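Here is how the chains run, residue by residue.
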Amino acid sequence: MKDQISRVEREAREDLSRIDSVDAVEAFRIAYLGKKGKLTDLFKQLGNVPAEEKKAMGAELNRVKQWLELSVEECRKKSPGGGTPAAMFDETLPGIRPPHGSIHLLQQTIQEISWIFNRMGFETVEGPEIETEFHNFTALNIPLDHPSRDAFDTFYTTHGQLLRSQTSTVQIRVMKERKPPLKIIAPGRVYRPDTVDASHSFMFHQIEGLMVDNRVTFSDLKGVLHLFLRELFGSQTKIRFRPHFFPFTEPSVEIDIQWGKGWLEILGAGSVDPNVFDEVGYDKTAVKGFAFGLGVERIAMLRHGIQDIRHFYENDLRFLRQFS
Amino acid sequence: MKISTNWLKDFVELAPPVARIAERLTLAGLEVKKCESLTHPSDTLFEIEITSNRPDWLSHWGVAREIAAVENIALKNPAVDPETGRTPPPGWKIQIKDAGGCPYYTGVLIEGITEHKTPDFIVNRLLACGIRSISLIVDITNYVLLEVGQPLHAFDADLIRGKEIIVRKPKQGEKFTLINGAEIELKSDDLVIADSDRTVALAGVMGGKDSEISDKTRNIFLESAFFNPGRVRKTSRTHQLSSDSSYRFERRVDPEGVDLGRSRAIALIQKYAKPRYISAVIKAGEKPQLDVKTIHLRADEVTSVLGVEIKPSQIALILGRLSLHVKQHMPGSWTVGIPSFRPDLMRPIDLIEEIARIYGYENIPETLPAREPLTVGESPRLVLERKVRHLLSGAGLCETVTFSLISEDGLSPSKDLQHAVQIVNPLQHGLHWMRPTMVTSLLNVIQKNVNAGADSVPVFEIANTYMMSDQQKHPVEERTCAIALYGKKAAQTWLDTARAVTSYDLKGFVEAILGNAGCADLCVAKAQKSYFAEGTGEEIRAWQTPLAFLGQVSAELLKMWDLKEPVYYAEISLEKLLTQSEKTRVFKEWPKYPAIERDLSLVVKESVRGGDLISEIRGMGQGLIREVELFDLFRGKRVPKGCKNLAFRMIYQSAERTLVSDEVQKLHDRIAQTLVQKYQASFQTS
Numbered sequence: 010m011k012d013q014i015s016r017v018e019r020e021a022r023e024d025l026s027r028i029d030s031v032d033a034v035e036a037f038r039i040a041y042l043g044k045k046g047k048l049t050d051l052f053k054q055l056g057n058v059p060a061e062e063k064k065a066m067g068a069e070l071n072r073v074k075q076w077l078e079l080s081v082e083e084c085r086k087k088s089p090g091g092g093t094p095a096a097m098f099d100e101t102l103p104g105i106r107p108p109h110g111s112i113h114l115l116q117q118t119i120q121e122i123s124w125i126f127n128r129m130g131f132e133t134v135e136g137p138e139i140e141t142e143f144h145n146f147t148a149l150n151i152p153l154d155h156p157s158r159d160a161f162d163t164f165y166t167t168h169g170q171l172l173r174s175q176t177s178t179v180q181i182r183v184m185k186e187r188k189p190p191l192k193i194i195a196p197g198r199v200y201r202p203d204t205v206d207a208s209h210s211f212m213f214h215q216i217e218g219l220m221v222d223n224r225v226t227f228s229d230l231k232g233v234l235h236l237f238l239r240e241l242f243g244s245q246t247k248i249r250f251r252p253h254f255f256p257f258t259e260p261s262v263e264i265d266i267q268w269g270k271g272w273l274e275i276l277g278a279g280s281v282d283p284n285v286f287d288e289v290g291y292d293k294t295a296v297k298g299f300a301f302g303l304g305v306e307r308i309a310m311l312r313h314g315i316q317d318i319r320h321f322y323e324n325d326l327r328f329l330r331q332f333s
Numbered sequence: 012m013k014i015s016t017n018w019l020k021d022f023v024e025l026a027p028p029v030a031r032i033a034e035r036l037t038l039a040g041l042e043v044k045k046c047e048s049l050t051h052p053s054d055t056l057f058e059i060e061i062t063s064n065r066p067d068w069l070s071h072w073g074v075a076r077e078i079a080a081v082e083n084i085a086l087k088n089p090a091v092d093p094e095t096g097r098t099p100p101p102g103w104k105i106q107i108k109d110a111g112g113c114p115y116y117t118g119v120l121i122e123g124i125t126e127h128k129t130p131d132f133i134v135n136r137l138l139a140c141g142i143r144s145i146s147l148i149v150d151i152t153n154y155v156l157l158e159v160g161q162p163l164h165a166f167d168a169d170l171i172r173g174k175e176i177i178v179r180k181p182k183q184g185e186k187f188t189l190i191n192g193a194e195i196e197l198k199s200d201d202l203v204i205a206d207s208d209r210t211v212a213l214a215g216v217m218g219g220k221d222s223e224i225s226d227k228t229r230n231i232f233l234e235s236a237f238f239n240p241g242r243v244r245k246t247s248r249t250h251q252l253s254s255d256s257s258y259r260f261e262r263r264v265d266p267e268g269v270d271l272g273r274s275r276a277i278a279l280i281q282k283y284a285k286p287r288y289i290s291a292v293i294k295a296g297e298k299p300q301l302d303v304k305t306i307h308l309r310a311d312e313v314t315s316v317l318g319v320e321i322k323p324s325q326i327a328l329i330l331g332r333l334s335l336h337v338k339q340h341m342p343g344s345w346t347v348g349i350p351s352f353r354p355d356l357m358r359p360i361d362l363i364e365e366i367a368r369i370y371g372y373e374n375i376p377e378t379l380p381a382r383e384p385l386t387v388g389e390s391p392r393l394v395l396e397r398k399v400r401h402l403l404s405g406a407g408l409c410e411t412v413t414f415s416l417i418s419e420d421g422l423s424p425s426k427d428l429q430h431a432v433q434i435v436n437p438l439q440h441g442l443h444w445m446r447p448t449m450v451t452s453l454l455n456v457i458q459k460n461v462n463a464g465a466d467s468v469p470v471f472e473i474a475n476t477y478m479m480s481d482q483q484k485h486p487v488e489e490r491t492c493a494i495a496l497y498g499k500k501a502a503q504t505w506l507d508t509a510r511a512v513t514s515y516d517l518k519g520f521v522e523a524i525l526g527n528a529g530c531a532d533l534c535v536a537k538a539q540k541s542y543f544a545e546g547t548g549e550e551i552r553a554w555q556t557p558l559a560f561l562g563q564v565s566a567e568l569l570k571m572w573d574l575k576e577p578v579y580y581a582e583i584s585l586e587k588l589l590t591q592s593e594k595t596r597v598f599k600e601w602p603k604y605p606a607i608e609r610d611l612s613l614v615v616k617e618s619v620r621g622g623d624l625i626s627e628i629r630g631m632g633q634g635l636i637r638e639v640e641l642f643d644l645f646r647g648k649r650v651p652k653g654c655k656n657l658a659f660r661m662i663y664q665s666a667e668r669t670l671v672s673d674e675v676q677k678l679h680d681r682i683a684q685t686l687v688q689k690y691q692a693s694f695q696t697s
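Protein chains in written order, with this note's numbering: chain A, 10 to 333; chain B, 12 to 697.
Hints were generated in silico from the structure; no laboratory data involved. Since the model is a prediction, treat every value here as computed from it, not as a measurement. Just so it is clear, CB atoms sit at the ideal spot from N, CA and C, and this is done for glycine as well. Some hints could be false.
Unchecked claim - Reference excerpt, derived from the structure (chain B facing chain A, CB under 8 angstroms, subset only):
| no. | residue |
| --- | --- |
| 1 | 64 |
| 2 | 244 |
| 3 | 368 |
| 4 | 373 |
| 5 | 380 |
| 6 | 383 |
| 7 | 403 |
| 8 | 404 |
| 9 | 416 |
| 10 | 485 |
| 11 | 504 |
Isolated chain A, as found in the complex (with noise of 0.2 angstroms):
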């Protein structure tokens, strides 16, 4: 026994010697360790080892064992390919990424818009979407029977409110509660029976504007949204004003912006038509103020080359992710 032991090992020290890969490690340990193995085998017969060598021969091939083991170790991490951490490395598998969630684009347009305004001490307000004609209407100057409403077609609830068609409403609401100077912003959802197609939808995005105190002029009202669409579209960005009516303020402008070769409507503003301040009790002859919407999708359909509204409430995972 013990001479079988003494060849083992010293045929194993010559195989281990011839060893130049991996493979040949493995094929080793296999020839040596693995269940048919030559020193498993001669674990096999210490059975039949006489009792009084029994313990001197288990040790010596516990021994050998040890060192068969150790030495395979040594061997995988020297050869080429080996177990190293350097050699398992494979830089070009993919990392295991953390969930992939999203924002939706909508949220993140407003956010922005909204971060603008308040770093120009605008403050982000809101206001219910179930309204009252006064506030979406009337205090707005807006005649009940009147063309001017054809813009704003509504819906109207069973209780005689209707959903508001505009984030105007809460300039009113903002102007009934607090006394100037203001400046807010009010981001929201508003609702028109338009029928849904590539560019028109029943409910939608605006965010409104207002700033009122006792010299705010005309002027004040181009340098503060032209300063909002350089900071949003970039500073290159060409824009014109263009006189426009609205019902809620005098003088009326919408926003251009060059964009290609054509000009693209992308805010309506004005000052505060004193009508305004009549509804909400505001002394007319001492205040003045400008105000201010624009449409969240629109732009964010602009800045992103989004062809269809519909993208934004149809919630495909494809879409959503792609603005994360």
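Chain A is fixed; fit chain B onto it per the hints.
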């Protein structure tokens, strides 16, 4: 509206290129959307868009007037008939029985029309503006409408019974056949033109079949009138009838244009139809006057609104260019007379806008208002919303935006919709509820994505839910965060295996949000919703305030939405969460003394609830248990049927001293024994 530049040249000189004129008009508020070149005959068309306050621009002459003002050039008037030296039409009379609906009505009888061919220039100009030639007389009325903005109507005079024109309300149940052949039932506040027997036209909107002229008509009665804008609008809406006439009447025509339009038409009819007889004009009523005929304006008002000083002489000049009658009181102060076609000018601010328009918005400087320190921050609710958004999106959920208007599909009329807000005039698909819950909206999102091939749909939305409240008349809007989970918890990777999402994943999100907001002392209770599978719903409360509920969507709904795997759904009231959140966190020192861990594995009946065991353990801990964590739960194998094995890890730790292993072991054994007795639990033997 389409405007032919050839036609404009009848009234103003257009210095080329016309594209420049188009831009000038646009920058003065008369928006030219498109310039289109035509050949044969060569012309350029302006596609203009007109705001509702400027109906005076709804004609070529009106646009020419604006060009004259903007370009500061002369304006020619259209050639009109002098309407003098003629005899009244024998026996004809006009009667206005509804002066509110029609304050002013005029007409003229024209007999013996001999020519019926429309001259080429009229055919071409009408065609350029999108109107096909019909017959000479109709073409002339359309021509005048497009030229000066006054709608006219020509009746076949031989078909008017009793030589009588009556402007009145319809009789009870009166029916009327329109020119287009459709029969309508007239409503009590419609306004009609009638002869002695019957209605012959729906005033300002459309004529009648019975009195329609043809290309053989020899005798006509030509109407030119002012109809009340509100009444025409109402009729037009009621009967869903819109015409070039009604479009202008409902925006208000120029009262002076009634006479101008008629005399212009007579001139054209005289020239091209060659009638034998034209009567004197017969009239009823009075031209409506402007409410405001003069406005006082001061130069300093202009400066304070616009923020730019415009010289008083320039202000006066601009107002004059707009055909306003300017009279100076003293330097920098004027009385401004308003012409009949500008009822929109009533206050100084209206004049200031006109001055700004013509002065040029581009010439007003840009300034920034003085900055005051900002004393208001972001509202706590917006801060909370942002936190929730970042928490959920960071954990792999996608935020959705779905419509607040929903149908009743999947919801129980008696349970879910009983207090819901209903829409009277829904647009489509029965979307007539303001949603009281977002569950069906998110089911739609899941279905859509599953159909598109997604095997995992983790989504959330932050939006209002709506409910009528008993106490208040106005509906309550509650800012809510809804979460829905479907499919895989996480995608399979080359390192990890995928696993299906469970209701405990959902609960983890809810707990994380509540914990993040700083809610303490939460308790849970069973809660049922119509759309949850029986027994799967629960509610999370802080004291008595319910903050959130969650559960597994019922099999019935899954079937309706054609979903194969379970959907877990939660709603958190951000509104209520705010009332429970702590404002500023206070630092808590952690224990300095070492902790000792002990595990406890128990087999209990399925009916025993894990949360009760945890409370029980804590209760017996003598203040020495810092944490109890459920780290394993399994069934089957050696666990008897109807039972489950729960494994808890308890951390014993004192804030005051080092615990001795012996005392912890004693306490731990005591707890174990108590649980065994109280819950008929047994220890798992392996």
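Go through the numbered hints given earlier and state which of them the structure violates, listing their numbers in rising order. none
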